[in-house]
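Combine both chains into one complex, guided by the hints.
The residues making up each chain are set out below.
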Amino acid sequence: AQKITQTQPGMFVQEKEAVTLDCTYDTSDPSYGLFWYKQPSSGEMIFLIYQGSYDQQNATEGRYSLNFQKARKSANLVISASQLGDSAMYFCAMREPSNDYKLSFGAGTTVTVRA
Amino acid sequence: DVKVTQSSRYLVKRTGEKVFLECVQDMDHENMFWYRQDPGLGLRLIYFSYDVKMKEKGDIPEGYSVSREKKERFSLILESASTNQTSMYLCASALTGTQYGYTFGSGTRLTVV
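From first to last, the protein sequence lines stand for chains P and S. According to the numbering used here, the first sequence is numbered sequentially starting from 75. According to the numbering used here, the second sequence is numbered sequentially starting from 4.
Derived by calculation from the structure, the hints in this document are not laboratory data. Some hints could be false.
[As the list claims (entries may be wrong)] Subject to a maximum C-alpha distance of 25 angstroms in a straight line, what follows is the list of computed DSS-like cross-link-like pairs (lysine-lysine):
| no. | chain 1 | residue 1 | chain 2 | residue 2 |
| --- | --- | --- | --- | --- |
| 1 | S | LYS60 | P | LYS176 |
| 2 | P | LYS176 | S | LYS56 |
| 3 | S | LYS58 | P | LYS77 |
| 4 | S | LYS58 | P | LYS176 |
| 5 | S | LYS60 | P | LYS77 |
| 6 | P | LYS176 | S | LYS6 |
| 7 | S | LYS58 | S | LYS74 |
| 8 | P | LYS144 | P | LYS176 |
| 9 | S | LYS74 | P | LYS176 |
| 10 | S | LYS73 | P | LYS176 |
| 11 | S | LYS21 | S | LYS56 |
The shape of chain S in the complex, shown without the other chains (with noise of 0.2 angstroms):
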């Protein structure tokens, strides 16, 4: 069964912290995103990558960023976590074209204390 995984349901840090959110892919597909989800806002893109070593800020990159050294594996990172980065972080992988839709990672929740 394909999928996407991502190394944490639920994950508790502290302030001023470098954390680093894992995420691993089977099916051998060039895109790869991270999304944060909040009550009220819907998902926001943060990055995104097309190709190993390639990213492109997404809408919401401050305070984040990313690394694709592998295919497979597309890590995001928050330099130094903040309160208000206490989210749900989705991370999604996709071939091109637009008949094919995102497979899901099934999430990080994230709080940051």
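Okay, chain P solo, but in the shape it has when bound (with noise of 0.2 angstroms):
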């Protein structure tokens, strides 16, 4: 079974505007950690965001902020007034004790900034 589903292949989004990126997660572990990752076109994987399952208010990393639903399994990624730098695939992770805290990916979206 998926652990972590990304539902949204590829998103455009006009520059200024904010855009949501949808992450489902699937564990049974008490404490897990959720993240974000950008991908530009270089290839090269950068660390945006962190959001712990203990922690009680979504975490918030400058334009970026992560809508955390625990009940529902649900850790989006919200980008605020877009830039064309923004244009990159996105990758919503899950690490927990139960895989041996090696990290889940999901498949990916793919995000596209218009001027």
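Pasting the structure below:
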């Protein structure tokens, strides 16, 4: 079974608008970590934001925020005020003890920002 | 600035060659990982290592081996390169714990001709 599901293969967003990337996860572990990475066309994977399963507040990092809905097992990434440089593939990932602390990745969502 | 360094950004090798992909991290991380990434298939784990001289198979180990003689270095070896191993290879390292993400190298685009 898929541990991380990203249902949006690709999205277009207008510059300066906000975009929400969906991510749902599946785990039975009470403690786990959720991560979002950005992969531009150059290929490197860039860490964006982290949310712990026990965190009461949604994580924020600059223009990135994570909409964490634990009961729904959802961890959506919100990018505010999109910029052309935000065009990239975005991966949701989860790290859990029962998987030997290995990161499980979703299939990714390609975001294209239009001027 | 902490980082993971992969020895080559682009590599072209011939079928049947033995290929070494090197990865070095300077963060004293105990865990290191090798992934390959192909369009439509996402990131797939080849091998990982929890400690020096330790290695564990990932999801697609066939045709690959690894070596970790020192904590900072994790090498991926293609014993006899084949064209279906043409791919993007990503190395990563991490501390143990759900609160720690992976730090990735910049990747190696390997083409086997």
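Each hint tested on the structure:
no. : hint                  : verdict
1   : S:LYS60 <-> P:LYS176  : holds, 12 angstroms
2   : P:LYS176 <-> S:LYS56  : holds, 18 angstroms
3   : S:LYS58 <-> P:LYS77   : holds, 23 angstroms
4   : S:LYS58 <-> P:LYS176  : holds, 13 angstroms
5   : S:LYS60 <-> P:LYS77   : holds, 19 angstroms
6   : P:LYS176 <-> S:LYS6   : holds, 19 angstroms
7   : S:LYS58 <-> S:LYS74   : holds, 12 angstroms
8   : P:LYS144 <-> P:LYS176 : holds, 20 angstroms
9   : S:LYS74 <-> P:LYS176  : holds, 18 angstroms
10  : S:LYS73 <-> P:LYS176  : holds, 21 angstroms
11  : S:LYS21 <-> S:LYS56   : holds, 21 angstroms
Checked against the numbered hints above, the structure violates none of them.
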